[in-house]
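Number of protein chains: 2
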Amino acid sequence: MSFIAEAKTLSIGEPLTLQCGAVLPSYDLSYETYGTLNADASNAILICHALNASHHVAGVYADESGAIKPKTEGWWDNMVGPGKPVDTNRFFVIGVNNIGSCFGSTGPTSINPATGAVWGADFPVVSVEDWVDTQAKLLDALGVQQLAAVMGGSLGGMQATCWALRYPDRVRHAVVVASAPNLTAENIAFNEVARRAIVTDPDFHGGHYRKHNTLPRRGLRIARMVGHITYLSDDVMNAKFGRRLRDAVSDAVQRDYHFTTQGVEFEIESYLRYQGDKFAEYFDANTYLLITRALDYFDPARPHGGHLSAAFADVKAKFLLISFTTDWRFSPARSREIVRALLDNHCRVSYAEVDAPHGHDAFLMDDSRYHNTVRAYFDKEVAA
Amino acid sequence: MSFIAEAKTLSIGEPLTLQCGAVLPSYDLSYETYGTLNADASNAILICHALNASHHVAGVYADESGAIKPKTEGWWDNMVGPGKPVDTNRFFVIGVNNIGSCFGSTGPTSINPATGAVWGADFPVVSVEDWVDTQAKLLDALGVQQLAAVMGGSLGGMQATCWALRYPDRVRHAVVVASAPNLTAENIAFNEVARRAIVTDPDFHGGHYRKHNTLPRRGLRIARMVGHITYLSDDVMNAKFGRRLRDAVSDAVQRDYHFTTQGVEFEIESYLRYQGDKFAEYFDANTYLLITRALDYFDPARPHGGHLSAAFADVKAKFLLISFTTDWRFSPARSREIVRALLDNHCRVSYAEVDAPHGHDAFLMDDSRYHNTVRAYFDKEVAA
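Protein chains in written order, with our numbering: chain A, 1 to 384; chain B, 1001 to 1384.
In short, the hints are calculated from the structure, not lab data. Be aware that a few hints might be false.
Said to hold, decoys possible - Part of the chain A face toward chain B, derived, beta carbon under 7 angstroms:
1) V23
2) E186
3) A189
4) T200
5) D234
6) V236
7) F241
8) L272
9) Y274
10) L308
Just so you know, even glycine gets a beta-carbon here, dropped at the ideal spot from N, CA and C.
Kindly produce the complete structure, drawing on both the sequences and the hints.
And the structure:
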């Protein structure tokens, strides 16, 4: 049983100039907080989300009568909460939905005040730096000058890294899980396949599908299927699905092949189709384009001629980095690049390479070695 | 300069019962031969093709005046020819297009004699076993009772393996490059994404796009892009494209970001789109479905309760297996499974794991360690 969470909204009237040059005249941020901010506002933890998550990090939602709504656990509920590795009895934890997303903060599904219509594809391109800037505004509003820690996995880890570079005086610790200093060509390639599937879906209508009362579901399904494959390891896929046929009695007692090219034959196909179908109903296609592009563009070494160590020159935060052995999307080698850049600058960094079978998805799993590492770091370093 | 090749057709009037139970009343096989069959017909080499290749293994095509047509080199021209690792001065080499394909042999783009219309999606599901059976008919017609060797890479390697299992007396050597005893869940998953992209393209029309005078180009493009990523290694993608922007001066001197979600920003995107566009113009969508399904279904251990060694009990051929260190589609570990099954049966097997950067595509590359291994095997073992 988890605690009851409540989503709030901060409306910011002040215009925001984005990295792309466009100006957002105003914007809303959906956020949640868990635990209590202490008197000197020194116990705040910001949790940054990855591609398809939101401000709803932990806890469950209740209806008006107080009854818990089923299946409303936050996306990192195993990590954040009372007595959990990031302990809300001790820390004041903040979750925030990023602009450009589709879960309450201003994004492509919001109304463009200049036209009175939904932004759609006209919503400007957002970056990791833009997200960090808006998160800083939220901290201002909450009375938090300096974070005890900023933490995130995958794209969330990029935001945590960006915080330490962009606001060196506002972060004491950065906890960066299953992340990378930038995307490789292969990472970009998978993103591009997903985007092309969405953009070339005839129901995309140049990103103005809502005007046409439709959704580019075919494209979203393909995007999600491709993404899902890259989140899992080959090993875990073989363990979970292997070559098992749909409706087989067991791995040992298989049915005959149906010999079909369009129907479902293997269990893995059924699983991927289900994931794709589910995703296409709840996720906004323009948001998918924006967030994958923010991933592509993030590259702190770029203004420094590709030298990551130079990019880290002003870092003051202490870092915990965690990677997973079977993560081939953001492999341990990518985390070690960040470790090296920190060491080159004599920063304090702890690094754990966790032997876990789950691939990139491991950062969301309840693995005791991983969770114990985070718990120890928060207890002994962040709370110290 | 390569030699002039000429495509031929064998028409087989005898019906063929496929693994799926359907019967093909008759079928054509497109094939080519290079070199001369010796008096006792003991120097024949069969080359099996993978997903998008054909019977045109080596040499170039000439027009009626005898002038060489540009860009018509066979797909394994660096491997097969006079003085090459598979030396056509010594061996009689046969290339054949598989049924279900779209380069001359009977397939979904052929006329269904029962209806007088193009087969399209009604073409029956074909298997690796079916291909091997039809290849055996071609050998009968050419007067070849026993192959000196059967050779192939990737799906072609599966056919070579299948030959040794299905016709143990007709194969002296099997040369299996960058292959696997079956697909993993991840391999099937990537195939399924590609198939869903094709099948859900509104221009697919249930596989009868030709009746609608259209082609499912969007789906084919996505399918090819996904496939292409899996053929390359992360390393070679980083070396070839890295994070270089399209139209950048160099890796060191990059332009500013355009901040676009639908346009081309990175060089890798431009490359993948180009590959997708090209493929969508020449490859048949129904063939893509059939051939990826043949890959999924191939599993010689299946009738033996998953025991590969049991499947290899009747093998008489000697094997050469070659894998490439950076091939993550068909990793060296998968080739070693075949080596183990052969050793369990006291078969003679040579195995080379080549340290090459090119991923799965390495099997098509002109790598001297790889080619020298093949050359030595053909000179010292196959010709002996």
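Against the structure, the hints come out as follows:
{"no.": "1", "hint": "V23", "verdict": "violated (13 angstroms)"}
{"no.": "2", "hint": "E186", "verdict": "holds (5 angstroms)"}
{"no.": "3", "hint": "A189", "verdict": "holds (5 angstroms)"}
{"no.": "4", "hint": "T200", "verdict": "holds (4 angstroms)"}
{"no.": "5", "hint": "D234", "verdict": "holds (5 angstroms)"}
{"no.": "6", "hint": "V236", "verdict": "violated (9 angstroms)"}
{"no.": "7", "hint": "F241", "verdict": "holds (4 angstroms)"}
{"no.": "8", "hint": "L272", "verdict": "holds (6 angstroms)"}
{"no.": "9", "hint": "Y274", "verdict": "violated (12 angstroms)"}
{"no.": "10", "hint": "L308", "verdict": "violated (12 angstroms)"}
Going down the numbered hints, you'll see the structure goes against 1, 6, 9, 10, while the others check out.
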